[in-house]
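Asks: Sequence:
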Amino acid sequence: MLYHKIKTMWKRDPETKHKTLLEGQWQTPEFEALRKLDWIWTEKVDGTNVRVIYDGDIRDGDIRFGGRTENAQMHSGLVNYLKSTFFPETFAEVFGSGNVTLFGEGFGAKIQKGGGNYRRDQGFVLFDVMVGDWWLRREDVEDVAEKLRIPVVPVVGTGPLNEMADYVRAGPLSTWGNFPSEGVVARPPVELSARGGARIITKLKTKDFR
Numbered sequence: 004m005l006y007h008k009i010k011t012m013w014k015r016d017p018e019t020k021h022k023t024l025l026e027g028q029w030q031t032p033e034f035e036a037l038r039k040l041d042w043i044w045t046e047k048v049d050g051t052n053v054r055v056i057y058d059g060d061i062r063d064g065d066i067r068f069g070g071r072t073e074n075a076q077m078h079s080g081l082v083n084y085l086k087s088t089f090f091p092e093t094f095a096e097v098f099g100s101g102n103v104t105l106f107g108e109g110f111g112a113k114i115q116k117g118g119g120n121y122r123r124d125q126g127f128v129l130f131d132v133m134v135g136d137w138w139l140r141r142e143d144v145e146d147v148a149e150k151l152r153i154p155v156v157p158v159v160g161t162g163p164l165n166e167m168a169d170y171v172r173a174g175p176l177s178t179w180g181n182f183p184s185e186g187v188v189a190r191p192p193v194e195l196s197a198r199g200g201a202r203i204i205t206k207l208k209t210k211d212f213r
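Taken in order, the sequence shown gives residues 4 to 213; the numbers are from this note's numbering.
A portion of the hints provided could be inaccurate.
What the hints assert, rightly or not - Derived DMTMM-like pairs: lysine to aspartate or glutamate, alpha-carbon spacing no greater than 20 Å straight-line:
{"id": "1", "residue 1": "K208", "residue 2": "E35"}
{"id": "2", "residue 1": "K210", "residue 2": "D16"}
{"id": "3", "residue 1": "K8", "residue 2": "D136"}
{"id": "4", "residue 1": "K39", "residue 2": "D169"}
{"id": "5", "residue 1": "K8", "residue 2": "E35"}
{"id": "6", "residue 1": "K8", "residue 2": "E46"}
{"id": "7", "residue 1": "K14", "residue 2": "E35"}
{"id": "8", "residue 1": "K39", "residue 2": "E166"}
{"id": "9", "residue 1": "K8", "residue 2": "D211"}
{"id": "10", "residue 1": "K14", "residue 2": "E166"}
Hints were generated in silico from the structure; no laboratory data involved.
Take the sequences, apply the hints, and build the full model.
Replies: Here you go:
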């Protein structure tokens, strides 16, 4: 399963080739209806999307790695990190049998411009877990990260969406160091889906306010 696209909270102005946000014009009716909830804000990491796929029903307990698309290429240093971090035996202990996909960000030096601000080599930080057809809750994602001994994207705040916009607009520093945060990914306090089945989750980037 590929990771879904996360929609920006507000629409973009077509007259500026979608570079400018139209503040207050909600991207979806769900965002507007739920805007006053206490959403969970996590730091958005500037890297490359990575999937760690485990199928406990495969006899040899294979683990596969993928990017945002089936044909995505990953930095060799990142591939080496993944192979030295994730093992079938550990997944079997944590999850037993069944299908599990970890979604995270490959980040660090040589992955994106400025990636070396996060770390001098390459690594992986977890942001979502799917077990079978179920998305895990934030507290369960944290539990998986602890058991697998991997980092998880940090929570940087909670609150309504307009407060999140104020937070991003202020240009917060990254929790990884003295450099600007890439932005915030926000989700409601419980897993919700729109009528068409799309997950309700949104984002804002710091550069959208520069």
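Asks: What's the verdict on K39 and E166, does the C-alpha distance respect the 20 Å limit or exceed it?
Replies: Answer holds: K39 to E166 is near 9 Å, not above 20 Å.
Asks: Check the hint pairing K39 with D169 against an upper bound of 20 Å on the C-alpha distance.
Replies: holds, 14 Å
Asks: Holds or violated: K14 and E35, Cα atoms, limit 20 Å.
Replies: holds, 12 Å
Asks: Next pair to validate is K14 with E166; report whether the Cα-Cα distance is within 20 Å.
Replies: Roughly 17 Å between the alpha carbons, so the hint for K14 and E166 holds.
Asks: Take the C-alpha atoms of K8 and D211, compute the straight-line distance between them, and say whether it is at most 20 Å.
Replies: Holds, at about 17 Å.
Asks: Is the Cα-Cα distance between K8 and D136 20 Å or less?
Replies: holds, 18 Å
Asks: Hinted pair, alpha-carbon criterion (20 Å max): K8, E46. Please report holds or violated.
Replies: holds, 17 Å
Asks: So if I understand the rule, the pair passes when the alpha-carbon distance is 20 Å or less; does K210 with D16 pass?
Replies: holds, 15 Å
Asks: Assess, step by step, whether the Cα of K8 is no farther than 20 Å from the Cα of E35, and give holds or violated.
Replies: holds, 19 Å
Asks: Measure nothing beyond the straight line between the CA atoms of K208 and E35; if it is 20 Å or shorter, mark the hint as holding.
Replies: holds, 19 Å
Comparing the model with each numbered hint stated earlier shows that all of them hold.
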